[in-house]
Amino acid sequence: MADITLRALRKSYGGNEVVKGVDLSVPARSFLVILGPSGCGKSTLLRMIAGLEEITSGELTIGGERMNDKEPRERHCAMVFQNYALYPHMTVARNIAYPLEVAGVPRALRERRVRETAASVGLADYLERKPGQLSGGQRQRVAMARAMIREPRVFLFDEPLSNLDATLRVQMRLELRRLHQRLGVTSVLVTHDQTEAMTMADLLVVMNGGRIEQAGTPLEVYGRPASRFVASFIGTPPMNLVEAEIAPSGRLHTELGPLPIAVERIASGPVLLGVRPEHVLLATGPDNADLELPLELVEELGATRILHARLDGRGFAVATAPGLPFPPGATLLLRLDPSQLHLFGRADGRRIDAGLVRIGEQVPVAPTEAVAVPFR
Amino acid sequence: MDKRAWFRNTPLALALAAPQLLLVLLFFYWPSGAALYWAFTLEQPWGGGNVFVGLENFRTIFGDPLYWNSVGRSVVFALASTLLAMTLGMLLALAVDRRLKGHAGFRWALIWPYAIAAPAAGLAFRFLLSPEAGMIAYLNHSFPGLWNPIVNGWQAMLLIILAYSWKYVAYNFLFLLAGLQSIPKSVIEAAAMDGARPLRRMWDLQLPLLTPTIFFLLVVNLTDSFVDSFGIVDLTTEGGPNKATELLVYKIYFDGFKGLDYSGAAAQSIILMILVIALTFIQFRFVERRIHYS
Amino acid sequence: MIERTPILDIVTQLILLLGLVIALVPLWLVVVAASLNLQEVNTSPLPLLPGSHLIENLVSVWQRGDLGWKLFNSMLVATLVAAGKVFIAALTAFAIVFFRWPLRMLAFWAIFVTLMLPLEVRIVPTYAVAANALGPLQTILEVTGLARLWQLATGVELALEWNLLNSYTGLVLPLVATATGTFLYRQYFLTIPDELVEAARMDGAGPLRFFRDILLPLSRTNMAALATIMFLYAWNQYLWPLLVTTDRANYGTAVMQLRQLIPSMFSEPEWNIAMAGTLIVMAPPLLVVMLMQRWFVRGLVATEK
Ligand SMILES: Nc1ncnc2c1ncn2[C@@H]1O[C@H](COP(=O)(O)OP(=O)(O)OP(=O)(O)O)[C@@H](O)[C@H]1O
Ligand SMILES: [Mg+2]
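Sequence lines, in order, name chains A, B and C. For the first sequence, counting from 1, position 273 maps to 273 in the numbering used here; every step adds exactly one. For the second sequence, counting from 1, position 275 maps to 275 in the numbering used here; every step adds exactly one. For the third sequence, counting from 1, position 23 maps to 23 in the numbering used here; every step adds exactly one.
Chain A on its own, in the form it takes in the complex (with noise of 0.2 Å):
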């Protein structure tokens, strides 16, 4: 098992560059999920560590091995691919095979093996078929299988669940996390679907525009974001960010009105506020609420309920238990908890990390500051 280490590493087609110097390092042994939305280059830094994608400049390591000018059969990864690539016109036996058969094994010896991987994969009993005759999560499996096979130091999965249905999804999640309980070896699975990424990842890295927006364990990362991106990008619904400004006295005014916050250590000026729904409180009457916001609409989600709020053409979610029915166009009392508020710089949507208290309250204990980052 490796560890994996990048270094500024960067990648342009042409003028055009795709990753933007990203520094990273995965221990051995750990799951990680790169998370981010369409055409962020993802695909292209995980195919960077494959192999398949030549480095324009950087340095890739693998269990400490310069990586950047090998081919990909030198750097022992596996990987598997959204669309799986399997071979069409091989069994499904010469699919799982292959790798071994390429490596030169002995017939006996490979056949065993295929046998034993595609029994831990639930294949046993589709050996002889084609790809063309299996179904989307048979063929899923078969490329895991034709990845475990080969026993690599890196296993690499570019979106490997995106072409399977919801139910399927939710299964194969946790299979991929079994399988990487039992084998432990370093992984790195690429997604732009954030469940999946906060339930598999043991380190998640959320990526925008060729760039790594944060690193972090999935509580962090949901706990503490680093920027506004990754606050709007992760959780559902995602966070609620409002305007304000913080006044010299360091009270907090939004566009909402002022609230009865003040932030400490702060220059005033200019912030987001940020709040997620799961976060904001029901208010017990007009004297200890925050807010008043007209209610618009409610979302029934049975274990839960989302409040929906009107604030001149956006929203503002509160998550509740259910309990009674709210009429529409009922006034929402919110009270709003210090410790669970976010604050952004507005021009460059970097984290603000501040003291928060609710006026006429004691100050609370300082934050913890920035959380160990097992990695960099």
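Hints are supplied without guarantee of correctness; some may be wrong.
Okay, derived cross-link-like pairs now, BS3-like style, lysine-lysine, Cα gap no bigger than 30 Å in a straight line [unchecked claim]:
{"id": "1", "chain 1": "B", "residue 1": "Lys101", "chain 2": "A", "residue 2": "Lys70"}
{"id": "2", "chain 1": "B", "residue 1": "Lys185", "chain 2": "A", "residue 2": "Lys130"}
{"id": "3", "chain 1": "A", "residue 1": "Lys20", "chain 2": "B", "residue 2": "Lys101"}
These are computed hints drawn from the structure, not numbers from a lab.
Please build the complex by placing chains B and C with the ligands on the supplied structure of chain A, with the hints as guidance.
This is chains B and C with the ligands only, laid out in the frame that chain A set:
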């Protein structure tokens, strides 16, 4: 196959299809029928129309050593030119598909010969490979009489094979390259990750995945070598020397239009039609198989 | 993909160079030979660089072979075939794909079958049809007895005749009577979503309007591709024009004219003139392929599959 949303206007539909249907009836079905009629009848020498003679015309043809000569020459020509044009086309397609520097330019220029009319290619090769002038005539200075397609039948055959294949290399190249480029890139990449090097990938992936295209081209090449060779022969060897390059279509033309033996020519046409239909039929069976892959 | 294959790369380049030599050297030598004088062209080996008589030879062959007129004929025939094909095939495919009518499938197969037999293998009887395009009708009338009826009624013997020999019609029509284009269109029309037809009908467009305003504009690329290959196909025809035109002076095509350029065996062969003629005759299709390769390749691959 069928569309759900369609118009219901039979007269209009008939009017739209009529021009093509009329043309097809007039220039395809009627002549084909006429060929059958002539093939089984014989014109009376002193007028009075045709009389039915059964298989007599075919018996005459099959009993004619000149016909068998023509069949033999045609088969040699078909196999050799197909083999040559396919092999070269395949090599070039595989090479261009490796996408080394400048491959787009190669692709552009390698297709040119296909644009050139067979008779023009024939005349050019007649000159380039002529015994007194052109490219290889100097061999005859050192070894007098070594190369002379004007008197040597097999050399004449070689000449038309080269001229004809020259054009079809480009054709095969074009189709094989299109076939190679329709193989998903990720399949090739997967094989590279699995450790297969380029030659191995060609052998294990590209060639097998190309079999439908190869098969299609084999049939087209064979068929075309029967039907599209007239221009080459007529401008290169004119069937000679001593009928060494008298291919089937050339013989039909001569028997029909120079010898005015319509019945004999029609019977030969029928045989050629059957041959071509058989080849096409085999191809359709494989077209069905091709669908299984995707 | 990162791959170090120096030897294979060299081999690849060598194959490509070899291919280029095979493809272009004959073309080049035609140009060279066309630029030499009579004595130079008959030296062996042939010089590899052009001489100074190109224009002179071109002018000479142009006059001797009446190539101006022959090229005009070729151009006319090829354009008519391409245009006719593009248009007629579109109509037919439209009728077959977008209409339901009795015998539709029969018509479809009747056209489809013609793909199997190229003109060359049924050349003799097709020639007979061209000699009298109304001959088939005449025969039908005779066999059914209608001709006799006509004669009894009018007192005039029925003799329908429409000779296509030595006419542009005769050169063009049989080449249009193939299924190639119909199938290109049909495959394309089948990919057009049903909703488009439904939407057009909701908007009150009749079939002809739909054809003109929606289908034809959508098919533009296919039409360009088809026109390109049909143009080449018609330009390069040899056997059919040879048969159907006995009046070579007026109706001969450029490719046919090559036959006249074969040097005589009994004097010093004028290969320079022959090659100059070859050059002129092959230039138009070559230009089409050089300049319109995208359409040409697309058309070829799409119609043959
Ligand atoms: N071969 C190429 N040539 C030029 N540009 C390319 C090439 N491959 C990718 N790109 C560009 O690089 C950018 C990143 O592409 P990439 O495939 O890595 O995106 P992605 O994050 O994987 O997106 P998706 O989620 O849609 O798969 C895109 O803007 C794409 O257009
Ligand atoms: Mg991608």
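Going down the list of hints, with the structure as the test:
no.	hint	verdict
1	B:Lys101 with A:Lys70	holds (21 Å)
2	B:Lys185 with A:Lys130	holds (19 Å)
3	A:Lys20 with B:Lys101	holds (26 Å)
In terms of the numbered hints stated before, the structure departs from none.
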